[in-house]
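Going down the list, the sequences are from chains A and B.
Note that our numbering has the first sequence beginning at 1, numbered continuously upward.
Note that our numbering has the second sequence beginning at 1, numbered continuously upward.
Wrong hints could be hidden among the right ones.
Unchecked claim - No farther apart than 20 angstroms at their CA atoms in a straight line, the calculated lysine to aspartate or glutamate pairs in the DMTMM-like style are these:
id, chain 1, residue 1, chain 2, residue 2
1, B, Lys225, B, Glu84
2, B, Lys77, A, Glu87
3, B, Lys225, B, Glu203
4, A, Lys40, B, Glu9
5, A, Lys40, B, Glu105
6, A, Lys40, B, Glu203
7, B, Lys5, B, Asp102
8, A, Lys40, B, Asp102
9, A, Lys40, B, Asp120
10, A, Lys40, B, Glu121
Bear in mind the hints are in silico, worked out from the structure with no lab data behind them.
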Amino acid sequence: MSFIASIGQGAINLYHRIRWIVSISTAIVQLAFRPSSWTKPVRMVLSRQIVFTGYDAIGFVAIVALLTGISVVVQAQVWMGRLGQSELLGPLLVTVIVREVGPLLVNFIVIGRSATAMAAELAGMKVRHEVEVLDSQGLDPLVFLVMPRAISMALSVFGLAMLFVVFSFGSGYLCGAFLGTGPGDPGIFARSVVRGVSSYDFYNILAKTLIPGLLTGVIAANEGLSVEGVATDIPQAVTKTVVRATLAVLVVSVIVSVLTYI
Amino acid sequence: MQEQKAILEFKGVTVRSASSQISGISQFDFSLERGEIVVVGLEEGRERIPLAPLAQGLLAPDSGSVLFQGLDWADMKAFRQSVERGRIRRVYEHYGWVTNLDVMENLCLAECHHTRRTKDEVMQEVRGLARRFGLEDIPEARPTRVHGMVLRKLEWVRALVGTPSLIILERPLFGAPKADAPKLMEAVCEASRRGVAILWLTEDERVMECRSLGAVRRLRMNGEKLVAVSNGRESDG
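Just chain B, with the same shape it has in the complex (with noise of 0.2 angstroms):
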């Protein structure tokens, strides 16, 4: 079977304001391909953009269609939604915990429910993945008894375990110590190197003009509107 290539799709995607919170978005097109990091400037007042619930089929477009994996979330039932969120992983712009289990089991959760792996494999993950962005232990609490900075340490950790199709960072470095952000753009150039897709929401100019990050796109908001970014310029995305 040939693998598909482009990972997610927006054709033409059109989203009024979902909320007081939440922009929304108008004719937007862009696909994402395996492998391929693309990085989304985000403007400022105009931070939350329902680009993450859209990737996922969690929230259904006004007009235009999204596709994950060459498929519509759209003509996809229930059951298969899920499957395919499966292969996704995401860094919340919200609280993205379950309070009614402990840390490690929300690092765990998706990975055990979707594969066959055993919990103390996907365990031994997470704790080598901590250690990489400077966290020794797994608090054995539950979120609400975690730090925040910690909690965001451990969402990076939560997007790269496993093997996923694609990563969703929604402003992963808002919260987190300054010094480790070369530590989370390593992982995701290698995660990227692995075949992963990126896509990667930023209000952040120094992720935007990052070179070490590999991005091979760079797209801006300019009002409800995504643009192209070359060299410095804006152009029509």
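Excised from the complex, chain A in its bound form (with noise of 0.2 angstroms):
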């Protein structure tokens, strides 16, 4: 195959990926509006991913943030105050935090802890017949393994990077209240702040936790679900779901900013 011919065909394959998880994507949305698809056990199966992708993660996003918070908001206070443009803070904060980096580091978060987790107990399963097994019993994998995973991988994102914003923040202004960096009234540190908020960074802070969580769990499950039957390829369904996952949350926080700000 020529060097142009294996261009075209890898534009082809990756067109036709995308196409494959954007129609799951949307499948698994209309399912989930769909009363009938939340059994008992699917909302068993909802509940344990909500505790393990979300509560379970709180600690770990907690210091996560409160570091994110330490070095980023005391940094702007001390250069923001340097330059004599305090009034700036909030809305500097609320570019780098609520808008780029919250989002971003609890997706990455959840795609190491979780998706990864995910992609290897589906491929485990699929290994195990353990897929044929519901299967047979009419449970829809679909239904019962991909919707419930994505929805909590979805709603997870979202409140962890709301605890993130509130961590980092808080932590921020703690330790350059401690420093004597800070503006040192915790009210005129907040009100900075909400005045840099803007009605589109709530739109923007959804859009960037529960579209890219949702893409995520499709992708874990995917690449898990397509392993055929080999146990080597386990590992190789989790490198996969690391890359693919990491690159889908890029590219939809790059939409999004663009859509949104620009």
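Please dock the two separately framed chains into a single complex, following the hints provided.
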């Protein structure tokens, strides 16, 4: 195959893969709005996945948020103070933490912590014929395995991103106050941040958490369930999940930023 | 609405060998009616045939068609297929458990998914059936932590829970204590009297010859063909 042909084939394959992921994601959203999809066992899977992906990750996300807050917020306070632009502190922090760093870091944490586990779990189930066992009992794998996992991932990323923002601002303020670099009065700091927030930021953080979270769940499930009966394929499924989900998060993040603010 | 008499119909079904472990079948024609028990005798060395996946619409035949309650699996949409599979229970040839659920969750899964029964109600039925097979308690563990012999008997329990239309038993006595075989046969006969169709695959001659099972028909695999057995003699099925 010529060089040009291989590039073309790669582009066609990429297009088919994206179309597949988007069509599964669309089907999942449709299923999620159908009450009959939410049977007792499906609700049980959803609640367990929210505990695993969201609740169990709070500690780790809090630590990352605290450290991010200390490094980013305190630096911003110092430099804005030196430049005499302290009134721009709020808008700057909102731009950095709320719009970009928060959603991105949380998405990456969820990919590393939960999406990899999900891909390995589903690949293991496929290898052990457990997916066939579910299917043969009339439990559609898309409804029972994929939908609750993808929905829980989307909700968890959103919830964790909100916590991340709160923890990072809190730790940044406290550290700044301790070092004497911040505004001192918490009211001034809070008002400065609130002034920097616009209605677009709300849509932005929704779009940058719910959409990539859903896509991450779908990509992890798709890679896991694509394994064909060989245990040695499981690590490859995990690797592909990390690479493809990371790319999806970055692409969605860029598109949302461009659509929202430019 | 008139009740569909034939629960399962195979019409000229052929499947070439699906893998090195699963044998192919050729020109299968048979039907299974409500309350009927059909025993299929498997040949030594060819114990694994894709009858159950075909009957559940999980495997498409290379030619012919498989109908469940009058509907061709090939004509059903995915949602309808899932609903119809919810009316079928099965004891699996291969490992038949979901390892990230505990044993009780596995046992109640299909019934809780397809019916409005409460989990407590289903668990009560499960415990009753388990006691019938000599299991006083359901292990509170994941299936990988439970002895294979217990799991096998629990598969019988799962197959009998609720009111299915069809129960497929793929070599259900394999790995189970021989002393418990009559208990399973008795439970299966009771289910058939309630109108459940039973398809029993076995390599065990005692099951083939067992009169107390009350099987209406006995069939036997002969190569890739299925032949009827009457009074110990075989004839074309």
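Here's how the hints hold up against the structure:
1. Using a Cα cut-off of 20 angstroms, the hinted pair B/Lys225 and B/Glu84 is violated, with the two alpha carbons roughly 27 angstroms apart.
2. For the given pair, B/Lys77 sits about 61 angstroms from A/Glu87 by alpha-carbon distance, which is inconsistent with the 20 angstroms threshold.
3. Our distance criterion of 20 angstroms between C-alpha atoms is met by B/Lys225 and B/Glu203, whose separation comes to about 16 angstroms.
4. For the given pair, A/Lys40 sits about 32 angstroms from B/Glu9 by alpha-carbon distance, which is inconsistent with the 20 angstroms threshold.
5. Of the supplied pair hints, the one linking A/Lys40 and B/Glu105 holds, its CA atoms being roughly 11 angstroms apart against a limit of 20 angstroms.
6. Distance check on the hinted pair: A/Lys40 and B/Glu203 sit about 38 angstroms apart at the alpha-carbon level, beyond 20 angstroms; violated.
7. The straight-line distance between the Cα atoms of B/Lys5 and B/Asp102 is roughly 37 angstroms, outside the 20 angstroms bound, and the hint therefore fails.
8. Between A/Lys40 and B/Asp102 the alpha-carbon distance is near 15 angstroms, which keeps this suggested pair within the 20 angstroms criterion.
9. As the CA atoms of A/Lys40 and B/Asp120 are separated by approximately 12 angstroms, the hinted pair is consistent with the 20 angstroms bound.
10. Using a Cα cut-off of 20 angstroms, the hinted pair A/Lys40 and B/Glu121 holds, with the two alpha carbons roughly 14 angstroms apart.
Violated hints, in rising order: 1, 2, 4, 6 and 7; the structure is consistent with all others.
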